[in-house]
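Residue numbers (my numbering), protein chains in the order written: chain E, 1 to 485; chain S, 1 to 404.
Hints in this document: simulated from the structure, not taken from any laboratory.
Please note that the accuracy of each hint is not assured.
[To be verified] In the EDC-like style, the derived pairs of lysine to aspartate or glutamate whose C-alpha atoms are separated by at most 16 Å in a straight line are:
{"hint": "1", "chain 1": "S", "residue 1": "LYS245", "chain 2": "E", "residue 2": "GLU294"}
{"hint": "2", "chain 1": "S", "residue 1": "LYS245", "chain 2": "E", "residue 2": "GLU290"}
{"hint": "3", "chain 1": "S", "residue 1": "LYS135", "chain 2": "E", "residue 2": "GLU438"}
{"hint": "4", "chain 1": "E", "residue 1": "LYS162", "chain 2": "S", "residue 2": "ASP122"}
[Claimed, not checked] Here are the simulated distance ranges between beta carbons:
{"hint": "5", "chain 1": "E", "residue 1": "ARG314", "chain 2": "S", "residue 2": "LYS176", "range": "25 to 31 Å"}
{"hint": "6", "chain 1": "E", "residue 1": "SER305", "chain 2": "S", "residue 2": "HIS260", "range": "46 to 52 Å"}
{"hint": "7", "chain 1": "S", "residue 1": "ASN84", "chain 2": "E", "residue 2": "ASP299", "range": "20 to 26 Å"}
{"hint": "8", "chain 1": "E", "residue 1": "GLU105", "chain 2": "S", "residue 2": "SER312", "range": "29 to 35 Å"}
{"hint": "9", "chain 1": "S", "residue 1": "PRO175", "chain 2": "E", "residue 2": "GLY308", "range": "23 to 29 Å"}
{"hint": "10", "chain 1": "E", "residue 1": "GLU31", "chain 2": "S", "residue 2": "LYS21", "range": "53 to 59 Å"}
{"hint": "11", "chain 1": "S", "residue 1": "ASN202", "chain 2": "E", "residue 2": "GLU31", "range": "46 to 52 Å"}
Just so it is clear, CB atoms sit at the ideal spot from N, CA and C, and this is done for glycine as well.
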Amino acid sequence: MSSTTESSAEQLIRRFRDVVGEDGLLYRPEELIVYECDGYVVEKNVPDVVVFPRTTAQIIELVKICNDLKVPFVPRGAGTSLAGGTLPVGGGVMITLTRMREILEINYRDRYAIVEPGLVNVHLTQALKGSGYHYAPDPSSQGACTLGGNVATNSGGPHTLKYGVTVNHVLGIEYVSPQGELMRLGGPQEEMPGYDLTGMFVGSEGTFGICTKIWVRLTRDPAAHRTLLAIFETVKDATETISAIIGAGIVPAALEMMDQGIIAALEEAFHFGFPLDAGAVLLIETDGLEVSVEQDALDIERLCSENGAREVRRAGTEAERQLLWKCRKQAFGAIGRLSPSYCTQDGVVPRTKLPEILDCITESSERHGIRVVNVFHAGDGNIHPILLFDERDPEQIKRVMAASDEILNRCIDLGGSVTGEHGIGVEKISFMSRLFTENDLEIMGRIRIAMNPTGCCSPSKMLPTAGACGMEHIERSHPGKQAHA
Amino acid sequence: MTEFSPVSAKELARFLRDNSKGERAQVFPVGGRTSLQFLGPQQTTAALLSTHQIANVIDYPARDMTITVGAGMRTSDLSEILANENQELPIDISHNQRATIGGAISCNVSGPRRYGQGTFRDYLIGMTAVDAEGKEFHAGGRVVKNVAGYDLCKLMIGSRGSLGVLTEITLKVKPKQDHLEAVWINCESFETIDLLCEKMLNSATRPVAMEAFTPAACQFVVADARINFPTDHPVMLVFYEGTEKELLWQIGMLRSELDHPGVRSIEEVGDESSILLLGTLTEFPDGGDVPATFQANMRPSRVASFLEYCTSRNISAVARLGNGIVIGHLPDDIGHEAQKSVLNELSAHTHNDGGNLILLNAEEPIASELSWWGRAEQSWSVMKTIKESLDPSGLLNPGGTPFE
Ligand SMILES: Cc1cc2nc3c(=O)[nH]c(=O)nc-3n(C[C@H](O)[C@H](O)[C@H](O)COP(=O)(O)OP(=O)(O)OC[C@H]3O[C@@H](n4cnc5c(N)ncnc54)[C@H](O)[C@@H]3O)c2cc1C
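Using the sequences plus the hints, can you model the full thing?
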């Protein structure tokens with residue numbers, strides 16, 4: 001269903017064409033199909049128009065036109081969202097930022113870079129290579145996802161454990177407000193008086209406007225690191241090792257877990273030499289000064305052995321280390337070998353509760369007859385059970401949803417959250433009222449109205465109420481999963 | 001002004017609810033009263049609302065490295081509880097015997113170690129607050145990673161109680177570092193300091209703080225920290241934290257890296273004195289009876305020349321070199337007009353680079369003649385909208401925000 005009538009759609013396209021030209025627009029049904037969903041494939045809807053601005057001035061114009069015609073719009077980066085963040089609920093306009101991908105400035109002296117929102121995360125890393133500095137947030141999707149998408153979802157990654165998530169590395173933001181005004185929050189100066197709006201903008205999932213420029217903090221490269229692969233007979237031993245490491249006061253740079261299912265897929269894809277009979281492996285990286293990393297590595301090896309590791313290997317060369325990280329970061333890519341479709345969940349529990357949540361995942365998988373493999377940011381307690389299914393079978397979809405529900409509800413019961421880094425999007429809206437009280441949601445609703453008064457920017461995202469852009473009547477094909485109270 | 005110190009969050013909420021339905025007095029939330037100078041113009045009917053009795057440990061799963069406490073807990077008590085588990089919140093908070101953790105968050109307090117350890121933005125992971133109408137609201141949670149909903153924690157940091165009164169907070173904490181060691185680097189000039197800052201960008205060492213002083217501040221610092229180091233030239237101070245082995249290696253490395261003709265001497269301050277020194281620098285913003293104390297925010301590359309200017313005006317100033325923050329006290333031996341013109345010049349200096357200068361404290365007539373918050377920013381209009389949507393009647397800490 002579309003929110004624009006035939007004539008207003010035509011008017012929209014004509015006016016957009018004046019701003020971005022014909023090659024900046026897609027509106028034919030066969031072209032739009034690619035944009036019907038992002039990395040969350042369970043729910044789909046095509047936008048009426050996809051537009052590719054090249055400049056901030058164009059975005060201002062586009063947003064003003066949307067306002068004029070009362071059409072909803074949603075920003076999109078690379079579309080790797082795993083929560084349906086870019087789903088154009090009710091149709092409307094999708095503003096895709098991938099043509100705005102310049103690095104505008106790198107300033108080592110003041111340790112920041114200014115980038116456009118469509119810049120792919122890894123391209124910044126590559127540009128900084130050899131300088132002794134890097135941009136710390138490294139989502140596993142960094143080869144594709146954009147900095148604008150990272151800001152909107154407050155992305156994390158394997159090295160979040162020590163270095164923090166996106167918000168810990170963003171100094172300032174320029175954005176086009178939902179009314180089409182150009183705004184600036186923060187900048188290269190670390191502190192400015194007043195509220196930390198930059199901090200609040202990060203993680204707002206596209207509902208506060210379209211981010212057009214980002215000031216990011218550059219981080220020193222670690223002087224030295226040790227990368228270990230600990231092999232365990234059981235998932236339980238591995239998770240207990242995680243608690244033991246963190247409990248001993250060691251904060252590695254990264255602490256990732258992969259279970260047997262994912263190891264098999266990775267081995268087939270990369271031939272690293274992962275042991276196929278292992279129950280789980282931990283990929284652990286410790287970094288710091290050369291004088292101290294060795295001791296950390298020895299302590300970690302000891303804790304692994306004390307907790308039942310069958311073997312602890314070290315990446316002997318930089319090439320071996322890179323391969324290990326490649327395996328980890330491309331783990332999702334390898335899943336195609338296991339199943340036609342998959343749904344990646346994103347729960348968080350206090351780190352000491354990992355054994356309990358992994359038991360819950362196994363039980364849910366068995367109960368619903370859905371195969372689940374696990375690859376996740378264990379040190380942060382951020383689980384990513386990957387539910388394997390065939391999206392052509394509606395019955396399987398139901399079971400995937402039921403199993404996901406169970407797992408996420410258990411995360412809440414264990415004192416955690418339903419999303420550590422992927423966001424609420426459309427996928428998890430119905431969990432919001434389990435996580436938050438009515439008052440909490442009401443306050444968030446007020447903030448949304450303050451930032452996005454008409455609700456036309458990213459309608460029907462994140463909050464169960466508000467921001468529907470006059471489309472309250474629209475029925476979604478797979479409305480976010482229903483959490484059981 | 002009346003004062004109320006509820007013993008629980010519930011009681012605090014009831015007070016605010018009753019107030020919003022009844023008297024509608026302006027309410028000034030306070031913790032340890034260490035930053036009361038920020039209270040705006042107050043009506044006689046206004047009420048001070050103190051959280052200091054809401055100070056319990058709610059949950060401390062030390063192995064998860066998070067802690068949840070009442071917002072009124074003294075920061076020194078918090079440090080002690082964490083130290084028992086060999087953990088810490090590595091934020092330097094002034095007056096920590098009096099300051100409450102909720103107050104420190106509301107004022108976004110930080111000190112020298114923000115360079116290496118970050119600020120509350122990096123540690124506050126969950127909170128409960130009560131709005132002007134007495135409604136309790138939460139954000140975040142007790143897990144270290146969580147992106148569910150708008151991050152109201154960030155909004156509350158530095159909001160000075162103008163959006164809600166914090167009652168409960170959850171922090172991410174870190175393993176406590178074994179040792180702290182400062183290195184006193186006596187330099188020929190501020191130009192040398194600028195050069196050393198550039199060198200430090202690629203240092204093999206990882207300082208946790210980098211500070212510099214004007215001569216006036218230097219004399220105060222040595223006296224206050226009871227140390228004996230040369231103060232006749234500009235000084236740069238580099239702090240390291242870690243194991244003995246790490247400190248030893250880093251200090252040795254620093255000496256070789258900073259081998260430069262502009263460096264007159266490099267001296268280790270020593271374990272105990274380093275802690276005292278960190279304390280002195282943390283307390284530095286409290287200048288006692290000085291006519292005005294300011295904080296200038298700029299890019300780090302502008303700090304050395306700013307300090308040079310401060311020196312020429314006999315300002316006692318301490319700089320966070322890696323963060324671009326300078327805190328200074330105006331001398332009291334010049335007239336008010338001269339003080340105002342110095343402040344205006346300093347402001348212009350920071351504005352030229354897109355930065356800002358705010359007053360942390362000021363006596364009359366400066367207090368009422370100059371803007372406390374510096375040059376107005378475009379984003380203040382957004383802040384105003386947020387304030388109006390969360391506290392429509394403007395009951396909470398009126399006058400305590402830049403945009404009013
Ligand atoms: C294989 C795989 C691995 C992943 N691993 C991780 C991981 O390790 N850590 C992690 O955090 N995430 C991970 N993700 C999720 C995803 O990559 C991140 O959420 C990422 O930040 C999305 O970036 P994007 O450019 O693809 O944004 P999109 O998917 O296009 O959009 C995401 C959200 O951001 C909004 N948005 C995009 N651009 C802008 C803008 N310029 N202004 C305002 N809003 C905007 C959108 O409206 C949407 O709500 C993974 C995804 C995949 C497919």
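### Task
Taking the numbered hints from earlier one at a time, note which ones the structure violates and give those numbers from smallest to largest.
none
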